[in-house]
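Enquirer: Sequence lines, in order, name chains P, H, V and Z. The first sequence: position 21 = 21 (full-length UniProt numbering), numbered continuously. The second sequence: position 67 = 67 (full-length UniProt numbering), numbered continuously. The third sequence: position 151 = 151 (full-length UniProt numbering), numbered continuously. The fourth sequence: position 312 = 312 (full-length UniProt numbering), numbered continuously.
Where chains are identical, the list cannot tell them apart; a pair therefore holds if satisfied intra-copy or between any two copies.
Straight-line distance between alpha carbons at most 25 Å, and here's what the computed DMTMM-like set of lysine to aspartate or glutamate pairs gives: (1) LYS418 <-> ASP340; (2) LYS279 <-> GLU124; (3) LYS413 <-> ASP340; (4) LYS402 <-> ASP364; (5) LYS6 <-> ASP71; (6) LYS374 <-> GLU388; (7) LYS139 <-> GLU124; (8) LYS279 <-> ASP306; (9) LYS413 <-> GLU5; (10) LYS279 <-> GLU115; (11) LYS6 <-> ASP90; (12) LYS323 <-> GLU214; (13) LYS151 <-> ASP85; (14) LYS323 <-> GLU5; (15) LYS374 <-> GLU387; (16) LYS6 <-> ASP384.
Keep in mind that the hints were calculated from the coordinates and are not lab data. Values in this document were obtained by computation on a predicted structure and should not be read as measured data.
There are 4 protein chains.
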Amino acid sequence: MLPREKVFRDPVHNYIHVQHQVILDLINTPEMQRLRRIHQLGVSNMVFQGAEHTRFTHSLGVYEVARQICDNFQRNYPTQNGGADGLWNDDERLVALCAALLHDIGHGAYSHTFEHIFGTDHEEITRRILTDPSTEVNKVLRGVSPDFPAKVASVIDHSYPNPQVVQMISSQIDADRMDYLLRDAYNTGTNYGLFDLTRILRVMRPYAGGIAFEPSGMHAVEDYIVSRFQMYQQIYFHPVSRSMEVILTKLLERAKELFEAGDFDERFNPRLLAPFFNKNFTLHDYLMLDDGVLNTYFHYWLDYPDPTLSDLAARFLDRRPFKSATFTTSSANLLPAMADLVAAAGFDRRYYTATDSNFDLPYDQYDPTSATPKTQIEIMQLDDTLEELSTLSPLVGAITGKVTGDERFYFPKQMLAKPGTPGYTATIAQFQRYLLNGEVIDPQLLQ
Amino acid sequence: MLPREKVFRDPVHNYIHVQHQVILDLINTPEMQRLRRIHQLGVSNMVFQGAEHTRFTHSLGVYEVARQICDNFQRNYPTQNGGADGLWNDDERLVALCAALLHDIGHGAYSHTFEHIFGTDHEEITRRILTDPSTEVNKVLRGVSPDFPAKVASVIDHSYPNPQVVQMISSQIDADRMDYLLRDAYNTGTNYGLFDLTRILRVMRPYAGGIAFEPSGMHAVEDYIVSRFQMYQQIYFHPVSRSMEVILTKLLERAKELFEAGDFDERFNPRLLAPFFNKNFTLHDYLMLDDGVLNTYFHYWLDYPDPTLSDLAARFLDRRPFKSATFTTSSANLLPAMADLVAAAGFDRRYYTATDSNFDLPYDQYDPTSATPKTQIEIMQLDDTLEELSTLSPLVGAITGKVTGDERFYFPKQMLAKPGTPGYTATIAQFQRYLLNGEVIDPQLLQ
Amino acid sequence: MLPREKVFRDPVHNYIHVQHQVILDLINTPEMQRLRRIHQLGVSNMVFQGAEHTRFTHSLGVYEVARQICDNFQRNYPTQNGGADGLWNDDERLVALCAALLHDIGHGAYSHTFEHIFGTDHEEITRRILTDPSTEVNKVLRGVSPDFPAKVASVIDHSYPNPQVVQMISSQIDADRMDYLLRDAYNTGTNYGLFDLTRILRVMRPYAGGIAFEPSGMHAVEDYIVSRFQMYQQIYFHPVSRSMEVILTKLLERAKELFEAGDFDERFNPRLLAPFFNKNFTLHDYLMLDDGVLNTYFHYWLDYPDPTLSDLAARFLDRRPFKSATFTTSSANLLPAMADLVAAAGFDRRYYTATDSNFDLPYDQYDPTSATPKTQIEIMQLDDTLEELSTLSPLVGAITGKVTGDERFYFPKQMLAKPGTPGYTATIAQFQRYLLNGEVIDPQLLQ
Amino acid sequence: MLPREKVFRDPVHNYIHVQHQVILDLINTPEMQRLRRIHQLGVSNMVFQGAEHTRFTHSLGVYEVARQICDNFQRNYPTQNGGADGLWNDDERLVALCAALLHDIGHGAYSHTFEHIFGTDHEEITRRILTDPSTEVNKVLRGVSPDFPAKVASVIDHSYPNPQVVQMISSQIDADRMDYLLRDAYNTGTNYGLFDLTRILRVMRPYAGGIAFEPSGMHAVEDYIVSRFQMYQQIYFHPVSRSMEVILTKLLERAKELFEAGDFDERFNPRLLAPFFNKNFTLHDYLMLDDGVLNTYFHYWLDYPDPTLSDLAARFLDRRPFKSATFTTSSANLLPAMADLVAAAGFDRRYYTATDSNFDLPYDQYDPTSATPKTQIEIMQLDDTLEELSTLSPLVGAITGKVTGDERFYFPKQMLAKPGTPGYTATIAQFQRYLLNGEVIDPQLLQ
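Starting from the given sequences, assemble the full structure and let the hints guide the process.
Expert: In structure tokens:
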């Protein structure tokens, strides 16, 4: 413990309270500081301009929420017998706090897109940052005890034996989600993500099976689930953010293709990215990357001789998204014809058309037959029996187990040139016959 | 005018309302989009972690404040005779809005530090971005009229003839300051910067000499001045932010020195920075830079053979600030002896000691003999006579014309090693005798 | 129009903007000022202590929301032909604003409870306040035109011919509801009632059939419906507020019974209430009442010789609610036996037991066969076709047409005395066998 | 201690946490519940319409701030020797919390005005409510120990020996002021009163002489002082609120005069006020009064035969304030002539003219020669020496020891009738020659 707690000012939680030297030392590692250079929401700031916050502030926020949960548990539900009574054992506090702080440490620049192109795995990298003796994070954790790095890693990968600790960090209502909903709402300036954190923390309670909620807090939990649902629909799945991700994907794919073709122009060599193109990167290489490093190479490529690469780099840096329309299983067969028309208009269909689907399961009951069974949210009745949330809340019941989202077809904005304007051609006109009210439709059905 | 206004969601103003095609086109230029990659507060996020916002969101905010001022002026004080009556001529709206949006367009990465090292001048660059035919910004402005780029530039450099437009963008209470105080307060999570923007906008009014304020709004203006004063003392002058700037300065100085010595290791060549080291850069070169580009080269230099360069790069990226103590005119003579001790402890004194002063003049009356005379804030009485703010407000009177701030001496944290710890030596002990309660003192006075 | 708009500071809308002399004059009538003395949420401040706001601030808030709707309609959808095109005719502004401001003018002290006991009807009284020549409100409205009072009244009773005006004031998403949700949330300090008013106002649009919403605002409307649902469940139906209403009802019933028995002790005569006990009241009598007047008589009755009356008065003034348990159709048959036990414990069952049911229909589609058909919420597609909200939103679909709420049985707190405490008797023990987890149950089922 | 803490939802502090049965019992006394019926800001809601909050919510807020101070003191500065070390002795917690909760219990309806007319003294009454065995409050306090009521009373009257407890409740930066500034700002919807409560609580620390502040919190304390100054200037001294108080004063004076003349019309007898007119009231009588009771009698008097009484009652209930102008020592001699003109215009000068002065001393150093010496705010340096706040802060220095406010002359609005309107007469014209820009001036000086 620190002789006197240290605080970090934070717009969401007002202050982040640090009470252990270990936590302070972890925050000061290069691996944690690197998260200051990685946006929490990737390219969402291209749509919600305030979304400029990083994984660093989020990580401290998750730590703070976990700390408050521990405080509440210790004040109100302390174990009398080392946890055998199903109550909270405060010896678990440090491992829980470290896991909360470090849960995102393996995320890379433009995380999901990067993984998709280069085959990296942020969960695997998180484990390595925690357990590889070369990192500062590992060094700090080792200082607690030799097996402490592995313990923290096991909380993050859900194999830690105490379900209270695991669920605090990772479940359908965990410190991670609670922080990002509030923080993303604050920074985007929307209020969909607001819910009553104080009340939820008050009604959380440990039990032998993990974490449950008191009946008086049922509506606050319901409100959290609904908020999360709305944030996905409104912010995280916004079609223009996804469009910028599509462009980023195409840009990296094109660079990789050129690189793998073996004649990448040395003047534009992305020195820090090269190990990834070469499929031969170390943990150190990975930790050298951040959003700014990738953007730097995109600047290089503005002048690259390949017109596709340079154009896609400019579209990304200058924010010129593709347009899109939704499609369904029954209209998906129309996409090849539409892509043909995009090609006929002069675009390389491999890089100037794309599909993207985004679906979320806002909440689900536990299903042992599922590939990824969820820890359902339990309301603990006065007589200690548990009732699953969706059986009590008609609102939550309405969205339980139902994936929500859409599939979109992306194409250049030029395809929407209006009649009477210079870019409008017969090909363009033909293309537009496949669109109605933002959806892909079969033109023949309208005739 | 756009057929239907377009809005951008913003956490500070809720929505930014865009009503002109010209404004929309300006926002979409690469020069404006580049501001998304430059932090508004430089390295302040190293202290106030939420301060991750950029000059892009600020620029849109300044635009929005100016737009609201124009709306109020046009609704309540429209001229009847082209402005000869001292009232608002709405023909000035577009030039005012463009100047508001573009006023920061010339800022570079880590703006003030960069200028200091490389001799760039963001005001001069702003002018060039507006008036050089090579930029997209110029192209959009030219579309209004051939002389429009120069008109917008003249608002920004204060030479535009209409003082209402000039003061709206640049005065002691302008759209720029009002946005940044609110935005910095929002993102840092402090409330020092809060004031009643709505009320101030309501009580602003045009007159022949520029912009004045109605008597009923005197206290709201007073509150704004006090807020600004407090933000400077609390946020902008924070000693740890300044420490990170000191490190950045030393880092760039060291790189420049190595570069100019002519044997910069080619493997670590900062391609996009090279024109600046070579003192031969174009506007295009300047526009290729942003915070992430500089950080990328700092990553390169982590492995550079020069230990000073690599250490300073690591200190900057990993946030390891120098410590500091305040000094005064009378204690400044002690600094050489202290620097000697830093050198004796093994640090290169050129790169591991520094002084830094930060002073602000929170508000001043107009003084024609000043090098930079201020436009004073005028309260317009019922009978149209003007009274200067500080004559009415004792709070403002207390800080009018008084610069506030401090001077600090920076040195490595190792110099503060505590007795009994490994790093504590006789040299260190000697050094610490120069410090008391965070101030530099003469050890002889204490004996 | 006023030469310069006048503003009222408001914590919810920041400022209320008044631009017409008629509106200012209406605000200054005694009938409007009286609303300052009537709580918006009746006795809810007994549970949510911040809920101390009145119908006056709410009324100004509804006016302000309506004003903003008119501004948006006039800016974006002005009619070109007097409304025949289904767009907004700004000649309707004043009647809409007056109706918004005055819609609650007929509410009395402790409104719903009072009506229930004394057979008053606030809608009928609203009509009279608007149209009776004796009121100041009528005088101000008459000043516009002789038929203006009746026009405003017809907006409030839904018979006004323009459905845009009617729906603005009264529909499932109207200015009234939008203000009270935000205001009640602000004052109670809960965030269930928050939704994005600015966005909803932006996406509202007039059409021939009334008011519809643009597709881009669908989620904001959804969020509003969910917020409203949650406010009902959490705030408006709180069992302790309802308990205080039960006590108020019983208190007024007892006073009425004593009064009607003809021997009401003259020393405790409720002078301003007497006309209502005598079933012979004038509009002037009604306008003399407010929450404080009723409370004054409750103070008188603290010393009344009838122990039931004095006890109920003390319970109300000193906030000593009854306790309650939920019951259902199948357990309702147990209530007589429970009331017998309350009587056996020494309480007059007529005044110390009660049932109360609270149900709300959060949203419904239009149903011409309903007794009170609802104006459903329509989303207007790009091709001007309408789609009803619940067909687009799974969240809204989940609660459409479903009433939600509960029925409760109320009884004195003494019936819950714990075993081993002085008040615990065999009768009390017997009573408690009917309760489990806050519900009424059949004790025989547990044996 | 309660087995589990109980919370009250509060918009300012989010939750009020109650952890002692004694506190819960005190909240449930009739004397505390009565505060729900007394507005915190008297008639200020006539100007800032949201200011509808009561002394009840404020009292719970002061309790909550004090509770948080105790928590911080106990966590960070617990005494090791019963307080002899100058640190916090948590045995003082309960007496401090009770004093915080009860500090305003003696306030009456329209507190200051009522005291002025009827010679009551809320501090004396507070003491009686605490120590008189007839009250419920006394009964609860006696339950702690026989001398506990007197101990709590001694904290409130500053005679309690522990200065930490006294200063927590009553000093220039105490729990009372911190709650009311935040609460009044929240309810009026202004942000002048906002300051960083969390930070101030963090930097408060006990010492032998009372409570001091750490140097790192100097600016937060400065901000609090400035906020308080601004709230007085903007909210508490608003000329229209004071006008409504003037009318209330005149109304009660007239009623008293009629009553004392001995022929008060029995039909309009203010039963609960009569003991005060008769100068023969008991504590029980006092506790029967609240804002609503007084308003009820004002309703009665609307029909009273005396035209002055009925007119003043209507002005108060219907919010028809007098107008005012500031005057100074040098212009005070003009007021009799102005009052003559008001009389000449047909108004009884005793009831239709008035002067009112409002001055505040925002902050002062300790001055042993003062009639009411202030406990100055001390900043405790690293070496435990104390520095008084105004020596460190130029902002605070500017307002230290200086009273601020104004004196106003009040008169009927009719005196401002404009030329050309029906009410404009030679007398009115003559009167208006004494006014310029809201100030009383000597007409001869303008000739």
